[in-house]
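Student: Protein chains in written order, with our numbering: chain A, 102 to 381; chain B, 102 to 381; chain C, 52 to 323; chain D, 2 to 229.
Keep in mind that the hints are not guaranteed to be accurate.
Here are the computed distance ranges between Cβ atoms for each label pair [what the hints assert, rightly or not]:
#1 C:308 <-> A:155: 55 to 63 Å
#2 D:27 <-> A:155: 40 to 48 Å
#3 A:378 <-> B:155: 42 to 50 Å
#4 C:317 <-> D:207: 53 to 61 Å
#5 B:264 <-> C:82: 56 to 64 Å
#6 C:167 <-> A:157: 43 to 51 Å
Because the hints were derived from the structure by calculation, they are not lab data.
Heads up, the beta-carbon is just placed ideally off N, CA and C, and yes, glycines get one too.
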Amino acid sequence: MTDEHALSRESGSVGLVGSVGLVDAVGSVDRLAALTPAAAPPALAVAALSFAYPGSAPVLQAVSLTVQAGERVGIVGPNGAGKTTFFMLLCGILSPATGTIMLYGAPVKPGTFRPEIGIVFQHPDDQLFCASVWEDVAFGPQNLGLAPAEVSSRVAAALALTGMQDLARRPPHHLSGGEKRMVAIAGVLAMQPHLVIYDEPGVYLDMRARRRLIQFLQAAPETFLLATHDLDFILEVCERVVVFDAGQIVADGLAPTILADAALLAAHGLECPARLQPRM
Amino acid sequence: MTDEHALSRESGSVGLVGSVGLVDAVGSVDRLAALTPAAAPPALAVAALSFAYPGSAPVLQAVSLTVQAGERVGIVGPNGAGKTTFFMLLCGILSPATGTIMLYGAPVKPGTFRPEIGIVFQHPDDQLFCASVWEDVAFGPQNLGLAPAEVSSRVAAALALTGMQDLARRPPHHLSGGEKRMVAIAGVLAMQPHLVIYDEPGVYLDMRARRRLIQFLQAAPETFLLATHDLDFILEVCERVVVFDAGQIVADGLAPTILADAALLAAHGLECPARLQPRM
Amino acid sequence: MGQHGMCRRYWCQRQSPMNLDIETYAYGHSALHRWEPRCKLVGLLALMVAFAFVRSPWLLPVMLVVALAIYRLARLPLLFLLARLRLPGLFVLFLVMSAPFLIGHTVVVAVGPLALRQEGLMFVGVFSTRFVAILTAGVVLFSTAPLAASINAACSLGVPVVLTEMTLLTYRYLHELGRDLHTMQRAMGQRGFRASRLRVRTLSHLAALTGSLLVRSFERSERVYQAMRLRGYGVRQPGASNLPVGWRDALALVVALVIAAGLVAVDLRLRA
Amino acid sequence: MHVPDGLLPASVCIAGYATTGALTWYALYTIQRQDDPQAGIPRASLLTAAFFVASWIHIPVPPTSVHLMLSGLLGVLLGYYAMPAILIGLFLQAIMFQHGGLTTLGVNATIFGVPALLAGAVFRLRRGQTSRILTGVCGFVAGAGGVALAVLIFYSVLITTIPLTINVDQERVAITALALAHIPLMVLEGLFTMLVVLFLQRVRPELLDGPARYVPPVLVSASESYES
Numbered sequence: 102m103t104d105e106h107a108l109s110r111e112s113g114s115v116g117l118v119g120s121v122g123l124v125d126a127v128g129s130v131d132r133l134a135a136l137t138p139a140a141a142p143p144a145l146a147v148a149a150l151s152f153a154y155p156g157s158a159p160v161l162q163a164v165s166l167t168v169q170a171g172e173r174v175g176i177v178g179p180n181g182a183g184k185t186t187f188f189m190l191l192c193g194i195l196s197p198a199t200g201t202i203m204l205y206g207a208p209v210k211p212g213t214f215r216p217e218i219g220i221v222f223q224h225p226d227d228q229l230f231c232a233s234v235w236e237d238v239a240f241g242p243q244n245l246g247l248a249p250a251e252v253s254s255r256v257a258a259a260l261a262l263t264g265m266q267d268l269a270r271r272p273p274h275h276l277s278g279g280e281k282r283m284v285a286i287a288g289v290l291a292m293q294p295h296l297v298i299y300d301e302p303g304v305y306l307d308m309r310a311r312r313r314l315i316q317f318l319q320a321a322p323e324t325f326l327l328a329t330h331d332l333d334f335i336l337e338v339c340e341r342v343v344v345f346d347a348g349q350i351v352a353d354g355l356a357p358t359i360l361a362d363a364a365l366l367a368a369h370g371l372e373c374p375a376r377l378q379p380r381m
Numbered sequence: 102m103t104d105e106h107a108l109s110r111e112s113g114s115v116g117l118v119g120s121v122g123l124v125d126a127v128g129s130v131d132r133l134a135a136l137t138p139a140a141a142p143p144a145l146a147v148a149a150l151s152f153a154y155p156g157s158a159p160v161l162q163a164v165s166l167t168v169q170a171g172e173r174v175g176i177v178g179p180n181g182a183g184k185t186t187f188f189m190l191l192c193g194i195l196s197p198a199t200g201t202i203m204l205y206g207a208p209v210k211p212g213t214f215r216p217e218i219g220i221v222f223q224h225p226d227d228q229l230f231c232a233s234v235w236e237d238v239a240f241g242p243q244n245l246g247l248a249p250a251e252v253s254s255r256v257a258a259a260l261a262l263t264g265m266q267d268l269a270r271r272p273p274h275h276l277s278g279g280e281k282r283m284v285a286i287a288g289v290l291a292m293q294p295h296l297v298i299y300d301e302p303g304v305y306l307d308m309r310a311r312r313r314l315i316q317f318l319q320a321a322p323e324t325f326l327l328a329t330h331d332l333d334f335i336l337e338v339c340e341r342v343v344v345f346d347a348g349q350i351v352a353d354g355l356a357p358t359i360l361a362d363a364a365l366l367a368a369h370g371l372e373c374p375a376r377l378q379p380r381m
Numbered sequence: 052m053g054q055h056g057m058c059r060r061y062w063c064q065r066q067s068p069m070n071l072d073i074e075t076y077a078y079g080h081s082a083l084h085r086w087e088p089r090c091k092l093v094g095l096l097a098l099m100v101a102f103a104f105v106r107s108p109w110l111l112p113v114m115l116v117v118a119l120a121i122y123r124l125a126r127l128p129l130l131f132l133l134a135r136l137r138l139p140g141l142f143v144l145f146l147v148m149s150a151p152f153l154i155g156h157t158v159v160v161a162v163g164p165l166a167l168r169q170e171g172l173m174f175v176g177v178f179s180t181r182f183v184a185i186l187t188a189g190v191v192l193f194s195t196a197p198l199a200a201s202i203n204a205a206c207s208l209g210v211p212v213v214l215t216e217m218t219l220l221t222y223r224y225l226h227e228l229g230r231d232l233h234t235m236q237r238a239m240g241q242r243g244f245r246a247s248r249l250r251v252r253t254l255s256h257l258a259a260l261t262g263s264l265l266v267r268s269f270e271r272s273e274r275v276y277q278a279m280r281l282r283g284y285g286v287r288q289p290g291a292s293n294l295p296v297g298w299r300d301a302l303a304l305v306v307a308l309v310i311a312a313g314l315v316a317v318d319l320r321l322r323a
Numbered sequence: 002m003h004v005p006d007g008l009l010p011a012s013v014c015i016a017g018y019a020t021t022g023a024l025t026w027y028a029l030y031t032i033q034r035q036d037d038p039q040a041g042i043p044r045a046s047l048l049t050a051a052f053f054v055a056s057w058i059h060i061p062v063p064p065t066s067v068h069l070m071l072s073g074l075l076g077v078l079l080g081y082y083a084m085p086a087i088l089i090g091l092f093l094q095a096i097m098f099q100h101g102g103l104t105t106l107g108v109n110a111t112i113f114g115v116p117a118l119l120a121g122a123v124f125r126l127r128r129g130q131t132s133r134i135l136t137g138v139c140g141f142v143a144g145a146g147g148v149a150l151a152v153l154i155f156y157s158v159l160i161t162t163i164p165l166t167i168n169v170d171q172e173r174v175a176i177t178a179l180a181l182a183h184i185p186l187m188v189l190e191g192l193f194t195m196l197v198v199l200f201l202q203r204v205r206p207e208l209l210d211g212p213a214r215y216v217p218p219v220l221v222s223a224s225e226s227y228e229s
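Isolated chain A (complex conformation) (with noise of 0.2 Å):
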């Protein structure tokens, strides 16, 4: 992540301002095209992935999932669906029953760090520890063993990214909601992962902050997953979407066919987001 990559995505977002539409889709498959060459391995591979808690019915059944480099997948279905559990498997955090999961053209073994992918948790609270915002976005970067160079320009990257260079001093238990986000989201950049997991990341922000985030995703060149109840958020930062629901993939497809569909996902305790609804 250097300097000019942050400034390019700077402006990204910078033109991004005030644009509230939808992913445009042909676009976004140009835009896939151009990121991912034929040859090169998808970004995630899942084949038949089974998991239970012991002494537990299953969480998830049987569940397959190819991300090509450069998508950006929403994951919806109701608390319980298996969401949570399919992503501690996605990072080895816990190890599958049966099935396989290769990143970037490698097996996920679990309990093997893998900086490739990288993890924002639900409250941004659980991944500030620091005493301040600069050794919280440095952390990663340093147990990576880099220089210190590197790290300051990488920290620095990365809070750019985030608009969070003024508060690099304070403590990060003193930020509001959304300054921690947008920190606890550095400190993940920081490590430069090419594949991002974002586990509700728009809850507690209000509309400035959650505009802010959208925009910020709309030009991360990361392969990112996002999982939230909110759908609207979904339509207008994924291009495809997933749909899990009972530990299993119910559906799969573009965002404005899927979340169009009225039928389907009512029938797995989902609501079209407003904007697709008709009309009262």
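Dock chains B, C and D against chain A, hints included.
Tutor: Just chains B, C and D now, with coordinates in the frame of chain A:
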């Protein structure tokens, strides 16, 4: 909260299942007229309320607001606008710098417990501090010094109202997010408050739980103030909206009117709910 | 809570003791579950003190039989007890393994420099039997009723309200904070943190983790206090409400006290 | 460092309960006099829970790892509330994980409580001063001293009650040797306490001012943490 009361509300909520319409503004005015005899004092009468934390800029400046018994008021505005501080003042947890707060005709004295007002906090975990659901809901009635039989009947009624009867013996840490929210509401309702404050009640709920909460609130007989960033939520349960920004009330009026005023909302960091936006 | 035990090979893998829920069998229907909590508390505590008192080897099997009979009456699964006996850990194991070689004069068997001694063996026998008996009684006492019922019983028997209230609040938020810590450790692991070597950097990150946990719990306590106040906390001194003591409860208490007194009396006689 | 059930004779268990009872009574008496006692209960309870949970954090000491005792830090943050906090923490450990025991609860609470109260008193000596060096040193002394004292009481109780066939001089030597063997642990705990205390001074200094000095929560809106 007698059993008939509980039943009547239950049936009300059944009647609303599947309805995702707006609150009918005319109908709700009729309802108000029925609920408030002309002579009754307003539920809440706040005049020229100001507040500042020691050594900080003022959080609230000359806020005045009158809420009639039976009204449901949505409170919106960016984080930091002073909404939570306002609620803390209404409950007597904070002392105002200047101004008066009258609750059902009697002034609120800071530090004095007023059972007429109940507050449902942002995080249900902060509010579920007892060892089981039953005890948690009974906590308030027991503090009111009620006889055990009366406590039991109130707990039963509150649990029935929120649909949590089957969970009475569960420890709170075994509940899902949506269940925790409903139990927290039951704990407040068991005090039989006349005015309830809901602070971000829809957060972290999946769509089923959110829909359930909306139906519950649509059928609730209490006067309430509801703060949230989810304007669609407000549109479904409140007839009136008050906009806070920078410690002041900047708009106050009927929900469908205020929430359709794109210019006003944009000026205060808000966006029209998708349903009221022009179609793309 | 199930997921606590699951994160393998991560540096946080062992911080997951919350999966043993003491309240799993709290709502059973055995005689012990039905016993009035105050009587149960006094009766079983008296037995535990008596168990701690016993020193004579002849009484050890009696004590064990009494403890296991109570466990049987409580109709708790045997695995539940075995899992709990496994928990106390290294110190007990160390004592049991080393005492026979360290205590006493009378050598029973000698292998090289190691000599197994009679007094040490005796000590280990007494210690481990008492340990098992007391632990079993304790498991029965606190696993056959919801913790709140036992704590309320203690309150109405004169334990200060401050202590009982603090116990219940601590127990309640233990689960939340345990989950917070667990997630924070996962988040640290996801950003490449491995606590494998003792260095100042590792130590200071673990200190920051501890500090963050303390700050979070402090901030949460303010919100909890406000929520409690708004539901009338402090308006009225709480009093424990009690079920009436039936003749069966009283009889069971008398039986427990007689057994306890009997163990002490016989032990004193045998010692003399 | 927890004395398990069954190890000590009943008389020592009862003496332990007597000591703990007296200390707890005095602590509660002081708390009732100092400030609005009910306001302190949620705070002390949640911090007790946090300490309980924090004691699961393993510190790597290759080839193994150790738990810290945290009793010094507990005394620093909780003051007189440290005594009920330790009693409750040990009670819950005994019934949830069978660490320590119910009959030895009194003995164990004395072993951890006395050092915690003293550590708190030592840390209060810096009252009013916010120099990082002074805070760090006080934190180190509180942490290391807490372990040292606990180790001393623990082994004294064990050696004087377990029928080891050794005489008084040997006892003294044994206690000294065992205490010396714990020096690395003391240093580790001292360093860790110092680091936590310095962290808190940067992030939330009011936690170090002792429970009596907290701003009453009725005047501080914690929900602001999500607004402000």
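Student: Confirm or reject each hint.
Tutor: Against the structure, the hints:
1. In this structure the supplied range 55 to 63 Å is violated for residue 308 of chain C paired with residue 155 of chain A, their Cβ-Cβ distance being about 42 Å.
2. Judged by the Cβ atoms, the range 40 to 48 Å given for residue 27 of chain D and residue 155 of chain A holds: they are separated by roughly 46 Å.
3. Checking the proposed 42 to 50 Å range against residue 378 of chain A and residue 155 of chain B shows it holds: the Cβ atoms sit about 48 Å from each other.
4. Between residue 317 of chain C and residue 207 of chain D the CB atoms are about 58 Å apart, so this pair conforms to the stated range of 53 to 61 Å.
5. For the pair residue 264 of chain B and residue 82 of chain C, the beta carbons lie near 35 Å from each other, so the given range of 56 to 64 Å is not met.
6. In this structure, residue 167 of chain C and residue 157 of chain A meet the distance hint of 43 to 51 Å, their C-beta atoms being roughly 47 Å apart.
Hint compliance for this structure: hints 1 and 5 are broken, all remaining hints hold.
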